[in-house]
Amino acid sequence: MRCLMCGNEIGEGKNLQELFYHDDVLCVSCRNTWKKNQKHFRLDGILAESLWDYQGGFRDALLQYKECGDEALKPVFLYPYRKYLKKKYRGYTILCMPSTMEKMEQRGFSHLPGMLEEAGLPILEPFLKCRPIDQKKKSRTERLDLSHAIVLKPGMKLPEKLLLADDVLTTGSTMRGALSCLDQTHHMIRIFVFARVPETKF
1 MRCLMCGNEI GEGKNLQELF YHDDVLCVSC RNTWKKNQKH FRLDGILAES
51 LWDYQGGFRD ALLQYKECGD EALKPVFLYP YRKYLKKKYR GYTILCMPST
101 MEKMEQRGFS HLPGMLEEAG LPILEPFLKC RPIDQKKKSR TERLDLSHAI
151 VLKPGMKLPE KLLLADDVLT TGSTMRGALS CLDQTHHMIR IFVFARVPET
201 KF
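FYI, the numbering for the sequence shown is 1 to 202, going by my numbering.
Keep in mind that the hints were calculated from the coordinates and are not lab data.
Hints may contain errors.
Unchecked claim - Straight-line alpha carbon distances no greater than 20 Å define the calculated PhoX-like cross-link-like pairs of lysine-lysine that follow: (1) Lys39 <-> Lys103; (2) Lys83 <-> Lys103; (3) Lys86 <-> Lys153; (4) Lys153 <-> Lys103; (5) Lys66 <-> Lys129; (6) Lys39 <-> Lys201; (7) Lys36 <-> Lys153; (8) Lys157 <-> Lys88; (9) Lys153 <-> Lys35; (10) Lys129 <-> Lys86; (11) Lys103 <-> Lys86; (12) Lys66 <-> Lys39; (13) Lys161 <-> Lys83; (14) Lys88 <-> Lys161; (15) Lys36 <-> Lys103; (16) Lys161 <-> Lys87.
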């Protein structure tokens, strides 16, 4: 099998331990450019976890996948943790955080469901961003005040156990917006993000 990033044969030129125990869709060299930083924390009282720092190989792969439409990369983000996530969140339904319609049209696809497929859990896209938001152009204070831009699609019926998921956590405004749409007394809610910006503190 070839590495989905560099195209080299996985295990080629490696020692026997890497050849037989490296269970991944990226070669060792490419995966080592990702900074693993699994953290457990709380966001507004909700248990949350992240896997990577948003830098290096993870950031490059995400940009290639999202902005260049390289959908072949979708397994790379979760593959090393796929069994862990499937076991830990058995019985949960994943709720993807929304992109704006403008971004969806530019990309031509919804990127988060593909990133989450390896978990083998039910996936829903129940939220809308009700107005265009380019967070890169906002100050931190402005980004923190964007929670009201997230709404639940009309008529959505959600199961009891919900796993809110996003690609990158910066200020948490999108997650807070999604949480504000849910009745936390009727749902068991957890949060999962692939990566956090290194300086993010919660």
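Verification of the supplied hints:
Note on Lys39 and Lys103: the hinted pairing is violated, with a Cα-Cα distance of about 29 Å set against a maximum of 20 Å. At most 20 Å may separate the alpha-carbon atoms for a hinted pair to count; Lys83 and Lys103 exceed this at roughly 31 Å. In summary, the hint linking Lys86 to Lys153 is not supported, as the alpha carbons are separated by about 26 Å, beyond the 20 Å threshold. Between Lys153 and Lys103 the alpha-carbon distance is near 18 Å, which keeps this suggested pair within the 20 Å criterion.
Between the alpha carbons of Lys66 and Lys129 the distance comes to roughly 18 Å, so the proposed pair stays at or under 20 Å and holds. The straight-line distance between the Cα atoms of Lys39 and Lys201 is roughly 11 Å, inside the 20 Å bound, and the hint therefore holds. For the proposed pair Lys36 and Lys153, the alpha carbon gap of about 34 Å is over 20 Å, so the pair is violated. Restraint check: the Cα-Cα separation between Lys157 and Lys88 comes to about 23 Å, which exceeds 20 Å; the hinted pair is violated.
Taking the CA atoms of Lys153 and Lys35, the gap is near 35 Å; set against the 20 Å cutoff, the hint is violated. Under the criterion of a C-alpha separation no larger than 20 Å, the hint pairing Lys129 with Lys86 is inconsistent with the structure, at around 28 Å. For the given pair, Lys103 sits about 29 Å from Lys86 by alpha-carbon distance, which is inconsistent with the 20 Å threshold. Restraint check: the Cα-Cα separation between Lys66 and Lys39 comes to about 24 Å, which exceeds 20 Å; the hinted pair is violated.
Between Lys161 and Lys83 the CA atoms are separated by roughly 19 Å; this keeps the pair inside 20 Å, and the hint holds. With a C-alpha separation of about 12 Å, the suggested pairing of Lys88 with Lys161 holds against the 20 Å cut-off. Note on Lys36 and Lys103: the hinted pairing is violated, with a Cα-Cα distance of about 28 Å set against a maximum of 20 Å. With a C-alpha separation of about 14 Å, the suggested pair Lys161 and Lys87 falls inside the 20 Å cut-off, and the hint holds.
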